[in-house]
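Chains as they are written, first to last, in my numbering: chain A, 1 to 204; chain B, 1 to 509.
It should be emphasised that the hints constitute simulated quantities derived from the structure, not laboratory data.
A portion of the hints provided could be inaccurate.
[What the hints assert, rightly or not] Only pairs whose alpha carbons sit at most 27 Å apart, straight line, appear in this in silico DSSO-like list of lysine-lysine:
#	chain 1	residue 1	chain 2	residue 2
1	B	K383	B	K234
2	B	K113	B	K298
3	A	K57	B	K234
4	B	K223	A	K57
5	B	K419	A	K40
6	B	K419	A	K82
7	B	K274	B	K319
8	B	K234	B	K319
9	B	K223	B	K401
10	B	K172	B	K113
11	B	K298	B	K233
[Unchecked claim] For the chain B half of the interface with chain A, some residues (derived, Cβ under 10 Å), not all of them:
#	residue
12	M69
13	K419
14	V433
15	D468
16	E471
17	E475
18	R482
19	E484
20	Q489
[Stated by the list, open to error] Calculated Cβ distances over 12 Å to all of chain A for the following chain B residues:
#	residue
21	Q101
22	T469
23	R485
24	G501
Glycine is no exception: its CB is placed at the ideal position from the N, C-alpha and C atoms.
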Amino acid sequence: MPKKAKAHASRQITLSELVTIQAGYPFRGSIQENPDGDVKAVQPRDISDLGELSADKLITTNLTGKRKADWLQQGDILFISKGIRHFACYVPEDMPETTLAPSLFLLRVKPEYQGQLNPEFLTWQINQAPVQRYFDNSAEGSRQLNIRKPILAAAPIAVPDIETQNTIARLYAASLRENALLHRLIHNRQQQLNAIANDLISHS
Amino acid sequence: MPHSPINQQEINNTVWKACDTFRGTVDPSIYKDFILTMLFLKYISDMHQDKVDELSKQFGDNPAMIEAMMASQSFKIPTGSTFWDLYEHRHEAGNGSRIDQALHAIEEANGTKLKNVFQGISFNTDKLGEEKQKNDILRHLLEDFGKETLNLRPSRVGSLDVIGNAYEYLIKHFAAGSGKSAGEFYTPPEVSDLLSILLEPEEGDQICDPACGSGSLLMKCGKQVQKNYNGSKKYALFGQEAIGSTWSLAKMNMFLHGEDNHRIEWGDTIRNPKLQDGNGGLLHFDVVTANPPFSLDKWGHEDAGNDPFARFRRGIPPKTKGDYAFISHMIETLKPGSSSKQGGRMGVVVPHGVLFRASSEGKIRKQLIDENLLDTVIGLPEKLFFGTGIPAAILIFRKRKTDDKVLFIDASREFQSGKNQNLLTTDNIQKIVDTYQNRQTVDKYAYLATLEEIQENDYNLNIPRYVDTFEEEEEIDLMVVRSERLALQNELANLEAEMAGYLKELGYE
Numbered sequence: 001m002p003k004k005a006k007a008h009a010s011r012q013i014t015l016s017e018l019v020t021i022q023a024g025y026p027f028r029g030s031i032q033e034n035p036d037g038d039v040k041a042v043q044p045r046d047i048s049d050l051g052e053l054s055a056d057k058l059i060t061t062n063l064t065g066k067r068k069a070d071w072l073q074q075g076d077i078l079f080i081s082k083g084i085r086h087f088a089c090y091v092p093e094d095m096p097e098t099t100l101a102p103s104l105f106l107l108r109v110k111p112e113y114q115g116q117l118n119p120e121f122l123t124w125q126i127n128q129a130p131v132q133r134y135f136d137n138s139a140e141g142s143r144q145l146n147i148r149k150p151i152l153a154a155a156p157i158a159v160p161d162i163e164t165q166n167t168i169a170r171l172y173a174a175s176l177r178e179n180a181l182l183h184r185l186i187h188n189r190q191q192q193l194n195a196i197a198n199d200l201i202s203h204s
Numbered sequence: 001m002p003h004s005p006i007n008q009q010e011i012n013n014t015v016w017k018a019c020d021t022f023r024g025t026v027d028p029s030i031y032k033d034f035i036l037t038m039l040f041l042k043y044i045s046d047m048h049q050d051k052v053d054e055l056s057k058q059f060g061d062n063p064a065m066i067e068a069m070m071a072s073q074s075f076k077i078p079t080g081s082t083f084w085d086l087y088e089h090r091h092e093a094g095n096g097s098r099i100d101q102a103l104h105a106i107e108e109a110n111g112t113k114l115k116n117v118f119q120g121i122s123f124n125t126d127k128l129g130e131e132k133q134k135n136d137i138l139r140h141l142l143e144d145f146g147k148e149t150l151n152l153r154p155s156r157v158g159s160l161d162v163i164g165n166a167y168e169y170l171i172k173h174f175a176a177g178s179g180k181s182a183g184e185f186y187t188p189p190e191v192s193d194l195l196s197i198l199l200e201p202e203e204g205d206q207i208c209d210p211a212c213g214s215g216s217l218l219m220k221c222g223k224q225v226q227k228n229y230n231g232s233k234k235y236a237l238f239g240q241e242a243i244g245s246t247w248s249l250a251k252m253n254m255f256l257h258g259e260d261n262h263r264i265e266w267g268d269t270i271r272n273p274k275l276q277d278g279n280g281g282l283l284h285f286d287v288v289t290a291n292p293p294f295s296l297d298k299w300g301h302e303d304a305g306n307d308p309f310a311r312f313r314r315g316i317p318p319k320t321k322g323d324y325a326f327i328s329h330m331i332e333t334l335k336p337g338s339s340s341k342q343g344g345r346m347g348v349v350v351p352h353g354v355l356f357r358a359s360s361e362g363k364i365r366k367q368l369i370d371e372n373l374l375d376t377v378i379g380l381p382e383k384l385f386f387g388t389g390i391p392a393a394i395l396i397f398r399k400r401k402t403d404d405k406v407l408f409i410d411a412s413r414e415f416q417s418g419k420n421q422n423l424l425t426t427d428n429i430q431k432i433v434d435t436y437q438n439r440q441t442v443d444k445y446a447y448l449a450t451l452e453e454i455q456e457n458d459y460n461l462n463i464p465r466y467v468d469t470f471e472e473e474e475e476i477d478l479m480v481v482r483s484e485r486l487a488l489q490n491e492l493a494n495l496e497a498e499m500a501g502y503l504k505e506l507g508y509e
């Protein structure tokens, strides 16, 4: 372990300086599943506790509001603003005809920061303890905790140089793969034990 | 004056809004009676007024003639007792007693038809608060029902169903809103649909629900005859309901749905069965169906031993669980079959315990099976019923079966999940009906069991014993699992090295 961590030259900045923040699409009422619908919608349940997007389970629905919807683009960040989890999620590829529920915010890197800010890195930072602590202190509501847009906008973000960001983003991506691998190992062990149990019963 | 076309949603909303007048002041279980009674009064008043207008056009100058013609209407409303008479006086004190008087007068004027229907309801009650508040609430109520959207004249409504639907809408909402207690008077519509289709009521049938609640299951059976016999109304509905206010509701519901050929009795079916013939024997029916209260405590065990109708000759159900008391009663009211007639058939909704509980219930169950009365067992999904999450089952009995087998259908896994309640879709229902009618084993869904098989299971009808829904797991090859494990470990080691590299880059090593 390091005696002293390398001090990264980074500056603190509020989130809204780096990204634009848009509310999710104003669906009227709960989002109704409609297999013949034209669009897909990301809801909080589609975002894992590690900040991964499970794109294969998105429901198909129709736009019920008046506003035009934003389609998700590669590099977007989704943020769960309502409920007990306030996680960010990185959108790894363009997702045409896919929008987001009103309980999510859409964060998009401002043009002036293109190339200077790695959105995957930003996603990672939002999900880490310091920013999460900031949300815990600012969440409002008793049952349904809510992070309002101004609160999200003022979240303190540390921005190191782009190389450092990229490395952290790669480390983060690797950690997600590691998590998945470990789960497969657990499943694999379970299969092994099941096979032994089945053998026992069928040969007795 | 031409009337705008009527819209079901609009009516439902208006009536539901009228409930707001009561919310906060009285409990839904109480105000539902006020709302539903007022809807009934409004409907018969509008119907009345419609007829008066029509006759006035014809015999404008002859009030005696009009009066005479009105006397032959299906509902008679004495002068001064219509909804609009009450509405006119709404700003004066005494709304409560005026409404009560009007209802009483209507009851009197209609002979046996509406006998006692309004006796359980008093608008002039302290439950609505002190005199002034009570008067205000009732004035609001009259005004809500006086809105043009709630103009229920037949000339505007066209068919009876709009009111019937509003009635059902309210009952359903009350059931959903007032939780457990309301479960007693509402069977989810898909379940009554399913029962009414399975039992195939025919033209000329006498149909009975001995625990009829608000009567929706009975009316579904009636609709089934109408649907399958060209709109025929040649059938008769019979019912009995223990709770007075629910019984009133069933009566009003029947009239609102145009089911004039009914006999709905008020009383406890087990302790005091009211549907008797002239000689004091139980009436017998072609179709008997019910969703009786699940595992009713204090169902009348004390007197069951000397039941004058010998309904419990197969055994006396346990003191604290009335399920088999209702089943036994229902069996005893089935018409016998003959070579030409299929005889009585019955469908009853039961909690799963009925399928496997031992001791006295086990004995009754064995007897019913040995007599070859049990036809089909259908397991339903959980969370289908208001007020209880437990899964229920439907038992079909027949006086005259075509074989000595029992068909088991496991329909518990196919449903549409809802927020608080699960739903059976039309497809789910159709699959159950098709399977029931084919009466054949279907892999992982249905099994046609012989008597011997049921005996081998000690007459235990637990559905998984017959319908094997266990999904065979793929044969696991230990060698494949092992090599997969090695590959995963290898991958993990590479990842570990990769991550160490990143950490080094970041200065952590």
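Structure-based check of all given hints:
1. With a CA separation close to 36 Å, the supplied pair K383(B) and K234(B) exceeds the 27 Å bound.
2. About 32 Å separates the Cα atoms of K113(B) and K298(B), which puts this hinted pair outside 27 Å; it is violated.
3. Simply put, K57(A) and K234(B) have alpha-carbon atoms about 51 Å apart, too far for the 27 Å limit, and the pair is violated.
4. This hinted pair does not check out: K223(B) and K57(A) have alpha carbons roughly 41 Å apart, beyond 27 Å.
5. Pair hint K419(B) plus K40(A) holds up; C-alpha atoms about 21 Å apart against a cutoff of 27 Å.
6. Of the supplied pair hints, the one linking K419(B) and K82(A) holds, its CA atoms being roughly 19 Å apart against a limit of 27 Å.
7. At most 27 Å may separate the alpha-carbon atoms for a hinted pair to count; K274(B) and K319(B) meet this at roughly 22 Å.
8. For the proposed pair K234(B) and K319(B), the alpha carbon gap of about 40 Å is over 27 Å, so the pair is violated.
9. Proposed proximity of K223(B) and K401(B) is supported: the alpha carbons are some 25 Å apart, at most 27 Å.
10. Distance restraint check for K172(B) and K113(B): the Cα-Cα separation of roughly 26 Å lies within the 27 Å cut-off, and the hinted pair is therefore satisfied.
11. Distance hint between K298(B) and K233(B) is unfulfilled; the C-alpha atoms sit about 38 Å from each other, more than 27 Å.
12. Checking M69(B) against chain A: minimum C-beta separation of about 50 Å lies over 10 Å; hint violated.
13. The interface hint given for K419(B) holds, since its Cβ lies 9 Å from the closest Cβ of chain A, which is under the 10 Å cut-off.
14. Look at V433(B): its Cβ only gets to about 24 Å from chain A, farther than 10 Å, so that hint breaks.
15. Hint status for D468(B) relative to chain A: violated, with the closest Cβ pair at about 16 Å, above 10 Å.
16. Hint status for E471(B): violated, given a least beta-carbon distance of 13 Å to chain A, over 10 Å.
17. Annotation: E475(B) was flagged as interfacial toward chain A, and the flag holds, the nearest CB pair being 8 Å apart, inside 10 Å.
18. Using the Cβ-Cβ criterion of 10 Å, the hint placing R482(B) at the interface with chain A is satisfied: the shortest such distance is roughly 8 Å.
19. The closest approach between the C-beta of E484(B) and any C-beta of chain A is roughly 6 Å, which is under the 10 Å cut-off, so the hint is satisfied.
20. Among the interface hints, the one on Q489(B) holds; its C-beta lies about 7 Å from the nearest C-beta in chain A, closer than the 10 Å criterion.
21. Non-interface status of Q101(B) relative to chain A is upheld: no Cβ of that chain comes within 12 Å, the nearest being about 45 Å off.
22. Interface exclusion of T469(B) from chain A stands, the closest Cβ pair being 18 Å apart, more than 12 Å.
23. Residue-level check failed: R485(B) sits 5 Å from the nearest beta carbon of chain A, not beyond 12 Å.
24. Chain A draws G501(B) into its interface by the beta-carbon criterion, the shortest separation being 9 Å against a cut-off of 12 Å.
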